[in-house]
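Trainee: The primary structure of each chain is shown beneath.
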Amino acid sequence: MSERTDTALRDLVTARRSPEVATLRLRRARRPMPVAWEVLVGVGLLAVVAALAIFAPLITPIDPRALALDQRLLPPTAGHPFGTDDLGRDLFARVLYGGRVSLGVGVAAALLSALAGATLGLIAPVNRALDMLIMRIVDGMMSIPAILLAIALVAVAGASVENVIIAVTVVETPRIARIIRAAVLSLRERPFIDAAVTAGSSWPRIILRHLLPGVASQLIVQTAFVCAAAMMIEAGLSFIGAGTPPTTPSWGNIMADGRSLWQIRPNLIFIPAAFLSATLIGVNLVGDGLRKALDPDGTRA
Amino acid sequence: MFAYALRRLLLAVPVLGVISVFVFSLLYLTPGDPALVMAGDQATPDDVERIRVSLGLDRPPLERFGGWIWRVLHGDLGHSIFSGQPVTYMIGQRLEPTLSILAAGVIVSVLVGVPVGIAAANRRGGPIDRTLSVAVATSYAIPVFVAGYALAFVFASWLRWLPVEGFTPLENGVGPYLRSLILPALTLSVLFTALIASVTRASMLETLSQDYVRTAAAKGAGRMRILFHHALKNAAVPIVTIVGGGVATLIGGAVVIENVFAIPGIGTMTVDAILHRDYPVIQGVVLLTSAGYVLINLLVDLCYVLLDPRIRY
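Chains as they are written, first to last, in my numbering: chain D, 1394 to 1694; chain C, 110 to 422.
No lab work stands behind these hints: they were computed from the structure.
Certain hints may be false.
Estimated spans, in silico, between C-beta atoms of each pair [what the hints assert, rightly or not]: (1) C:E205 x D:L1504: 36 to 44 Å; (2) D:W1430 x C:R232: 17 to 25 Å; (3) C:G175 x D:R1598: 55 to 63 Å; (4) D:Q1656 x C:A152: 48 to 56 Å; (5) D:A1667 x C:R323: 44 to 52 Å; (6) D:L1462 x C:L120: 53 to 61 Å; (7) C:Q151 x D:R1581: 55 to 63 Å.
Some chain D residues well away from chain C (every beta-carbon gap over 12 Å; in silico) [as the list claims (entries may be wrong)]: (8) A1443; (9) P1454; (10) V1500; (11) T1512; (12) R1529; (13) A1588; (14) A1592; (15) R1602; (16) P1606; (17) S1610; (18) L1612; (19) A1628; (20) T1641; (21) M1648; (22) P1665; (23) T1672.
For every residue, glycine included, the Cβ atom is placed at its ideal position computed from N, Cα and C.
Using the sequences and the hints, build the whole thing.
Mentor: Pasting the structure below:
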């Protein structure tokens, strides 16, 4: 809130010659930020899932990798609330620890894509030739179906959590870059940018002080959606055997382990799936809520 | 129209160029020596050398790229390291199941999604509209293979109406062919129907707020005539766009769910290729599916002109 007011005041000072922009900014700043119910529900869901993942060692004493061949494929019981898999590993412990990997991949890939995508999207419009080059590469990358692009990257680079994060980042960066570039192009026509140019600001200063704050709200919303997409891609990659290595439990991985047994023990697939879906719903609710709060008129994509 | 088609075709060239450079350079992303990685643990130095030569890794990258592009343009995607068959032949063998699922998935999604979207727009905030918004949110939160297992659990395992897995080619009869397509196509359309319905709804709402719709109502046109005769055609461009754009998601979905239903298509072939580190096959699949996607969107762009004569290029 205070940061918004600061931006508004700064604009008032820098864009004095454009009273229209200044009043517009002030009105936006005075309006209290509505907290949509979606955000509350979403944050609640995410808090529960994150707490279960973070405090996994405190919640269950069982090692998610411990084999117990005399306790294979047990249905849910008091000792194993979610049952056990075909190697006798406790599904409850695996789902909790698996959350660490899935959430970690989602957050890491989202932050990396936001950083890379915002950099490309902010830099591209500076120069026409650069813009051409970057946007053609973005077009090309976006023409490769996302999961196939990720499969190809992980297949050649080797299955590891780091490579899954890198693959998802490569997939999602062009999407963010395109959205940020479009926002920058429309922002650039606004008078306060002319004012900054006239005042002799350098390009790096204009990008960081004027354009970045202008696209920040869209960047935050997109980062949330990329986080959801990243967890979805991780699950898909692990499911077909091109993701997180089998020794590390992740939600996608646990479901992949349960594949051959889904008719006998559907819990092996549907319980981790429920955790993944709850998380995705949470992230999407937060993203949608933020989008509505930051752009109540729905004027931007 | 012709000039536009030509210009649009030229725009696709740099996109295809970027795709091919990416697909080509995949091999260089391998940590260490790709030939050594591909040959596996039990390979003799002769095997490694043979793979190195067959991949052309003994020559400089630029020369290799030139030769590779030249062969790709002549329809030669190289040979599988594992089976030795030409990649184009392998893909051709697996094309029928994958294309069948994709086509069936698109048809089901459009046939369900468009009417639902129209109904939702017709009564904004009504029961169908509210159900749709929940369905859209849910469809974004369910991985496609989980949807596949859920459908298989209900219709194959529990009700026993449909085969659990497998694919029956068309030459073995239309009935069995369609039966084996139902579950995979339904799974794909779970992903896609909600998206099409929500785009249809938004586009219809936009169109229904236009003046000419009020004029049509004022001169006594019935609601059905307004929706289907006046509004739908003008609302069609965004719907066609999302069908074209969504094909990428559908291709990805097909690759994954072929593994749920054990369908011998491109997706299961890709997974085998990953297991064997069969890079030429992976490269071929990525290149061809991407090119197919570019082509479909080219056709979609050309469709706009047919749908909306106001669009002039």
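Trainee: So, for every hint listed, does it hold in this structure?
Mentor: Going through the hints against the structure:
The hint said 36 to 44 Å for the Cβ distance between E205 (chain C) and L1504 (chain D), and at roughly 42 Å that hint holds. In this structure the hint that W1430 (chain D) and R232 (chain C) lie 17 to 25 Å apart at CB holds, the actual value being about 24 Å. For the pair G175 (chain C) and R1598 (chain D), the supplied restraint of 55 to 63 Å is violated, since their beta-carbon distance comes to about 44 Å. The hint said 48 to 56 Å for the Cβ distance between Q1656 (chain D) and A152 (chain C), and at roughly 39 Å that hint is violated.
Against the hinted window of 44 to 52 Å, the Cβ-Cβ separation of A1667 (chain D) and R323 (chain C) comes to about 47 Å, which satisfies the hint. One distance hint, 53 to 61 Å for the beta-carbon pair L1462 (chain D) and L120 (chain C), holds here, with the actual separation near 60 Å. For the pair Q151 (chain C) and R1581 (chain D), the beta carbons lie near 59 Å from each other, so the given range of 55 to 63 Å is met. Even its closest Cβ contact with chain C, about 17 Å, leaves A1443 (chain D) beyond 12 Å, as expected for a residue assigned away from the interface.
Under the 12 Å C-beta cut-off, the non-interface status given to P1454 (chain D) relative to chain C holds; the minimum distance is some 29 Å. The non-interface label for V1500 (chain D) is consistent with chain C: the shortest C-beta to C-beta separation is roughly 17 Å, beyond 12 Å. Taking the minimum C-beta to C-beta distance to chain C, about 19 Å, the non-interface status of T1512 (chain D) holds against the 12 Å cut. Not every beta carbon of chain C lies more than 12 Å from that of R1529 (chain D), the smallest distance being close to 5 Å; the non-interface claim is violated.
No beta-carbon of chain C comes within 12 Å of the beta-carbon of A1588 (chain D); the shortest separation is about 35 Å. A1592 (chain D), annotated as away from the interface, keeps every beta carbon of chain C farther than 12 Å; the closest lies near 38 Å. The Cβ of R1602 (chain D) sits about 33 Å from the closest Cβ of chain C, beyond the 12 Å cut-off, so the non-interface label holds. Every C-beta of chain C lies more than 12 Å from that of P1606 (chain D), the closest at about 29 Å, which supports listing it as non-interface.
Remark: the non-interface label on S1610 (chain D) is consistent with the geometry, its nearest Cβ contact in chain C lying 21 Å away (cut-off 12 Å). Consistency note on L1612 (chain D): stated as away from chain C, and its beta-carbon is indeed over 12 Å from all of that chain's, at 20 Å minimum. Chain C draws A1628 (chain D) into its interface by the beta-carbon criterion, the shortest separation being 5 Å against a cut-off of 12 Å. Separation of T1641 (chain D) from chain C is adequate, the least Cβ-Cβ distance of about 18 Å exceeding the 12 Å criterion.
Once the 12 Å rule is applied to beta carbons, M1648 (chain D) is inconsistent with being away from chain C; the minimum gap is 7 Å. Interface exclusion of P1665 (chain D) from chain C breaks down, the closest Cβ pair being 9 Å apart, not more than 12 Å. Distance to chain C contradicts T1672 (chain D) as a non-interface residue, since its nearest Cβ pair spans about 8 Å, not more than 12 Å.
Checked against the numbered hints given earlier, this structure breaks hints 3, 4, 12, 19, 21, 22, 23; the rest are met.
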